[in-house]
Amino acid sequence: MNLANLLNNYEEAVAMILFGIGFSNLLLQKNLIKKIIGLNIMDTATYLFLALKGYIAGRKAPIVVDGVRSVEAYINPIPSGLVLTGIVVSVSVTALMLSLTIRLYRRYHTLDLDEITTRLKKEGL
Amino acid sequence: MSKKLSEEQYRKTRSFQLKQWLDGTKDPFLDTVEMKPQEEFREDRTVIRERSEEKKRLLEKVYDLEHNAEMRIFQRIYRIFSVIFCVSLVLMLLIAVSNLPTVGAFERPVNNEVAKRYIEDGLDETGAVNIVTGMILDYRAFDTLGESHVLFIATCTVLILLRIDKKNSKDYMEANDRTHEPKNDIILQTVARILVPPIFIFGIYVILCGHLGPGGGFSGGAVIGAGLILYLNAFGFAKTERFFTEKIYKRMSFCALACYALAKSYSFYTGANHIESIIPLGTPGAILSSGLILILNICVGVVVAGTMYTFYAIFRKGGY
Amino acid sequence: MDFVQNFPFISIILSLFSGPLSSVLSGKKAKMVNVAVISIIGVMSAAVLAYVLGSGQEYVYTMGHFPAPWGNEIRVGCLEAFMALFFCVIMLLSMIGGQKEREAEIEKTKQNLYYIMVNLLLSSLLALIYTNDLFTAYVFVEINTISACGLIMIKQNGRTIEAATRYMIMSLLGSGLLLLGICFLYDLTGHLLMSNIQEAVRVLHDTGAYHIPLMVSLGLMSVGLAIKSALYPFHAWLPDAYGYSTLSSAAILSSLVSKGYIFLLIKIFFRVIGFDIVRDSKVINVLFVFGVAGMIMGSVSAIKENNIRRMIAYSSVAQIGYIYMGFGLGTTAGVIASIYHVISHAATKSLLFVAASGITDASAGSTGFFDLTGAGYRNKLAGVAFTVGSLSMVGFPMFSGFISKLLFAQAAVGSTHKMLPTLIALAISTVLNAVYFIKTVIRLYTPLKYVPTENMTHKTDELFTVTMEQQPFKSVALICFILLNLALGLSSEPLIRLIQNGLGMFA
Amino acid sequence: MQLFTCILLGFLVVCAVSVSLSKNLLNSILIFMSYSLIMSIIWILLESPDLAITEAAVGAGVTSVLFFVTLKKIHAIMKDKEEEEGESHE
Numbered sequence: 001m002n003l004a005n006l007l008n009n010y011e012e013a014v015a016m017i018l019f020g021i022g023f024s025n026l027l028l029q030k031n032l033i034k035k036i037i038g039l040n041i042m043d044t045a046t047y048l049f050l051a052l053k054g055y056i057a058g059r060k061a062p063i064v065v066d067g068v069r070s071v072e073a074y075i076n077p078i079p080s081g082l083v084l085t086g087i088v089v090s091v092s093v094t095a096l097m098l099s100l101t102i103r104l105y106r107r108y109h110t111l112d113l114d115e116i117t118t119r120l121k122k123e124g125l
Numbered sequence: 001m002s003k004k005l006s007e008e009q010y011r012k013t014r015s016f017q018l019k020q021w022l023d024g025t026k027d028p029f030l031d032t033v034e035m036k037p038q039e040e041f042r043e044d045r046t047v048i049r050e051r052s053e054e055k056k057r058l059l060e061k062v063y064d065l066e067h068n069a070e071m072r073i074f075q076r077i078y079r080i081f082s083v084i085f086c087v088s089l090v091l092m093l094l095i096a097v098s099n100l101p102t103v104g105a106f107e108r109p110v111n112n113e114v115a116k117r118y119i120e121d122g123l124d125e126t127g128a129v130n131i132v133t134g135m136i137l138d139y140r141a142f143d144t145l146g147e148s149h150v151l152f153i154a155t156c157t158v159l160i161l162l163r164i165d166k167k168n169s170k171d172y173m174e175a176n177d178r179t180h181e182p183k184n185d186i187i188l189q190t191v192a193r194i195l196v197p198p199i200f201i202f203g204i205y206v207i208l209c210g211h212l213g214p215g216g217g218f219s220g221g222a223v224i225g226a227g228l229i230l231y232l233n234a235f236g237f238a239k240t241e242r243f244f245t246e247k248i249y250k251r252m253s254f255c256a257l258a259c260y261a262l263a264k265s266y267s268f269y270t271g272a273n274h275i276e277s278i279i280p281l282g283t284p285g286a287i288l289s290s291g292l293i294l295i296l297n298i299c300v301g302v303v304v305a306g307t308m309y310t311f312y313a314i315f316r317k318g319g320y
Numbered sequence: 001m002d003f004v005q006n007f008p009f010i011s012i013i014l015s016l017f018s019g020p021l022s023s024v025l026s027g028k029k030a031k032m033v034n035v036a037v038i039s040i041i042g043v044m045s046a047a048v049l050a051y052v053l054g055s056g057q058e059y060v061y062t063m064g065h066f067p068a069p070w071g072n073e074i075r076v077g078c079l080e081a082f083m084a085l086f087f088c089v090i091m092l093l094s095m096i097g098g099q100k101e102r103e104a105e106i107e108k109t110k111q112n113l114y115y116i117m118v119n120l121l122l123s124s125l126l127a128l129i130y131t132n133d134l135f136t137a138y139v140f141v142e143i144n145t146i147s148a149c150g151l152i153m154i155k156q157n158g159r160t161i162e163a164a165t166r167y168m169i170m171s172l173l174g175s176g177l178l179l180l181g182i183c184f185l186y187d188l189t190g191h192l193l194m195s196n197i198q199e200a201v202r203v204l205h206d207t208g209a210y211h212i213p214l215m216v217s218l219g220l221m222s223v224g225l226a227i228k229s230a231l232y233p234f235h236a237w238l239p240d241a242y243g244y245s246t247l248s249s250a251a252i253l254s255s256l257v258s259k260g261y262i263f264l265l266i267k268i269f270f271r272v273i274g275f276d277i278v279r280d281s282k283v284i285n286v287l288f289v290f291g292v293a294g295m296i297m298g299s300v301s302a303i304k305e306n307n308i309r310r311m312i313a314y315s316s317v318a319q320i321g322y323i324y325m326g327f328g329l330g331t332t333a334g335v336i337a338s339i340y341h342v343i344s345h346a347a348t349k350s351l352l353f354v355a356a357s358g359i360t361d362a363s364a365g366s367t368g369f370f371d372l373t374g375a376g377y378r379n380k381l382a383g384v385a386f387t388v389g390s391l392s393m394v395g396f397p398m399f400s401g402f403i404s405k406l407l408f409a410q411a412a413v414g415s416t417h418k419m420l421p422t423l424i425a426l427a428i429s430t431v432l433n434a435v436y437f438i439k440t441v442i443r444l445y446t447p448l449k450y451v452p453t454e455n456m457t458h459k460t461d462e463l464f465t466v467t468m469e470q471q472p473f474k475s476v477a478l479i480c481f482i483l484l485n486l487a488l489g490l491s492s493e494p495l496i497r498l499i500q501n502g503l504g505m506f507a
Numbered sequence: 001m002q003l004f005t006c007i008l009l010g011f012l013v014v015c016a017v018s019v020s021l022s023k024n025l026l027n028s029i030l031i032f033m034s035y036s037l038i039m040s041i042i043w044i045l046l047e048s049p050d051l052a053i054t055e056a057a058v059g060a061g062v063t064s065v066l067f068f069v070t071l072k073k074i075h076a077i078m079k080d081k082e083e084e085e086g087e088s089h090e
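Residue numbers (the numbering used here), protein chains in the order written: chain A, 1 to 125; chain B, 1 to 320; chain C, 1 to 507; chain D, 1 to 90.
This is chain A alone, in the form it adopts within the complex (with noise of 0.2 Å):
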């Protein structure tokens, strides 16, 4: 482990222990709700971790002022346009898991995943 490179992306660092809270959110709380914030948490961070790819110290955004068009003075545009991508793609996966979970609210009044799977067996549908 190269420590002091670590020390020097410590935006990227930051970006991975978001990303494992993110994960580890939406893999083990009981909550559908803190699932899909975590769900988010962990889509932010990976967008992070893309956007800090295309960042080059000290350049201005990818919008051509004055006609200079020397790529000495812009930061890298592909990374931003991924990212737009990926966020309208979150919000519509967000969109989705939160009606998911209104209707197994409305059917079985509650937000445990397991608790319904119990109730499940129960029934024997």
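Treat the hints as calculated values from the structure; they're not laboratory data.
A virtual CB, placed ideally from N, CA and C, is assigned to each residue, including glycine.
There's no promise every hint is true.
Quick list of the computed label-pair ranges, beta carbon to beta carbon [claimed, not checked]: (1) 70(B) - 368(C): 34 to 40 Å; (2) 81(B) - 10(D): 29 to 35 Å; (3) 81(B) - 285(C): 16 to 22 Å; (4) 5(A) - 85(B): 24 to 30 Å; (5) 421(C) - 76(B): 28 to 34 Å; (6) 28(C) - 106(A): 28 to 34 Å; (7) 416(C) - 78(B): 34 to 40 Å.
Please arrange chains B, C and D on chain A, whose structure you already have, making use of the hints.
Relative to the frame of chain A, chains B, C and D by itself:
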């Protein structure tokens, strides 16, 4: 001798409304907003009690740690493994990050000829001043085409789950929670009246200037969607349904997506078959420039605005 | 450029376009559009396959005015074209076979939404097959996930919604890992296009730079896709999702959705990373271990299961284990066996689902094991079809399953370290397969008078005979599936050669 | 500037942890909303104004509103739940 007003005419005058308002007998905005019975949907107390008792029994069964040894061991092992998995995942990622190129440096593999061409020739080749917009709507348009369909399909799944087609059923009563909310909130309505037009104008500006500055179809569409949600909250479904229903949403998004798909198929087809595209790029910086990007931005904006509003409306009411 | 070369692009756009189109149509018209779109795409894929086989080499199709590293592109080889054709055939047959159930089980007003899901699922599968760009693959993986979720929960009872929730949670974990892996790879190579990444990865591998992040990225992508395609420890959602969703959904999900991810994984191994680098890493050993575990545990769960559709669903877990075991062998022969198994499993599993529904129709709608007694006599075609499917799953000669097991065994002999465990696992898994499938077949052909009836939920006089005329669509689908299975089993040589060719084009 | 980034990143981690630890669902969603807002400031610092606008409108705006509606639907904001629990304790 003053002209005598008939009772009906008198009721229409401002002074009568003011008097009524001062008396507190009538709300001057009463005719212009949604009126619905304000009773709350309430379940029978016995039903609630039965349910909570059953829940208690069930919880005892689920978390019955004394008798259900198999379950307990399984859950404990599952949790331990998951925690180990998560921790080792984070450690692995941190180790990987510690070996990555430094953040913010220029000398890294990412800054290669691809990014160089986007920056140096992007303005000439796509006509978009905002290079990111030019990239996602022209160079890598296939991704974005897929992405707007992600939004569309998410709306469809939400419709499947939450749209209730049987009116007056118990589910419908429970789903439509607008019926038991305080109505005609004058503060909310005034604020909405002041705020909604600027929000719409800002959203349209962000969409139309997507190729000239920061913004574009996604952000502008989301802003307009938020404006619609605010309007809905202030004035109720009866008002919004005059101009926006599910049918209109479907037709609108169909038109926008079809337009998008057609425009992009044209450019994919001509590009792959080496046919010169006839769409002019225009002067960079002008509003009518950059070829198809403006049209695509509008299409995406329409889809996103409709989708955001539809999510909200279906969540609130189970169809609109 | 020949006009045929446009067909892959046109088929993707056509299926994407038919989704929004179905939303403004009524259920009936949407169904017609759906059948028409699938058939047209099937014909176009066949034309593309003939073209690629004729020219003998793959070609690149630029999506837009900009060449490869700047714009998007799709790449068409013979394996891709064949997969597209095959997926269309299976999807069409599944839709035909499940028509009656679909119309009975889905609310009238939501019928057209179902066809939107199917159309977009098809488009995402086609895009996953053809794409040459990792980020495009990610976007279409998401479309695939969401539409599969829609397919599961369209029949709305508690079970399916719970299964859909579990499916979404697992899939989203998988997508997160996949996207993170793509980010790592993008950081190391600076490209998103598969062929450019491979060049850069080769340079990195030769110089030894960034070795750890490269391996981490490979691991993240493989584990992400493995989670999404329900490899053994991540299969909790699968039995409910397959067992309780409507019939055509179950057939499509089991045969196509997870296969799309597996195909993407194959592309990542061969076209993005390079298979020799994958072989040197430890990742394939992990896949091998989980694959073997899945082969055995899936079958064990299937034996314990009493519900026939859940039993078939658990058998899917075992079969996906086979496929990952093939990757884990680390030889090209193993991957060829895996691809053949993808094809044969897709054909057989959808056959089994359709046949099982025919059998349950003849057992008063019950899926319980004891209620199936003698159902083979009451619905003759479904009984025969189920027998064919079972024999194919067990690996009886003449049917497709036999060839794939043969290929697995040959591949295992070719690998030095993993020969013994593979052969043992194959043997155990085959025996277990035989236990539950042959048990069911025997139950189907046991006359009612020989068994005590107290275990059955229905009285004997409630059972009735189902003839082919009563279920014309299902019968057509079943006959086509049986013929497909026999064709795969009897004339496998050209197909295997095609797979070899296609893999050669990949690298 | 670097200090500012550090503080914001620290905030992100604190928000993420407290979301997972908070007992009240409404609280965790409010914290998540602030998480999104901080994220959109970070996008500005990373010179991606497009992302900042989108994140502010989508992440902090629409997503949070959807979360609130869901909470209302599952009766986590209203008194219903307490009532239920109160009755079950009787």
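Against the structure, the hints:
About 24 Å separates the C-beta atoms of residue 70(B) and residue 368(C), a value inconsistent with the hinted range of 34 to 40 Å. The hint said 29 to 35 Å for the Cβ distance between residue 81(B) and residue 10(D), and at roughly 31 Å that hint holds. Checked against the hint of 16 to 22 Å, the C-beta distance between residue 81(B) and residue 285(C) comes to roughly 19 Å, which is consistent with it. Look at residue 5(A) against residue 85(B): about 26 Å separates their beta carbons, and that is inside 24 to 30 Å.
The given range of 28 to 34 Å is respected by residue 421(C) and residue 76(B), whose C-beta atoms sit roughly 30 Å from each other. With their beta carbons about 30 Å apart, residue 28(C) and residue 106(A) fall inside the hinted range of 28 to 34 Å. The beta-carbon spacing between residue 416(C) and residue 78(B), approximately 36 Å, falls within the hinted interval of 34 to 40 Å.
The structure shown violates just one earlier hint, number 1.
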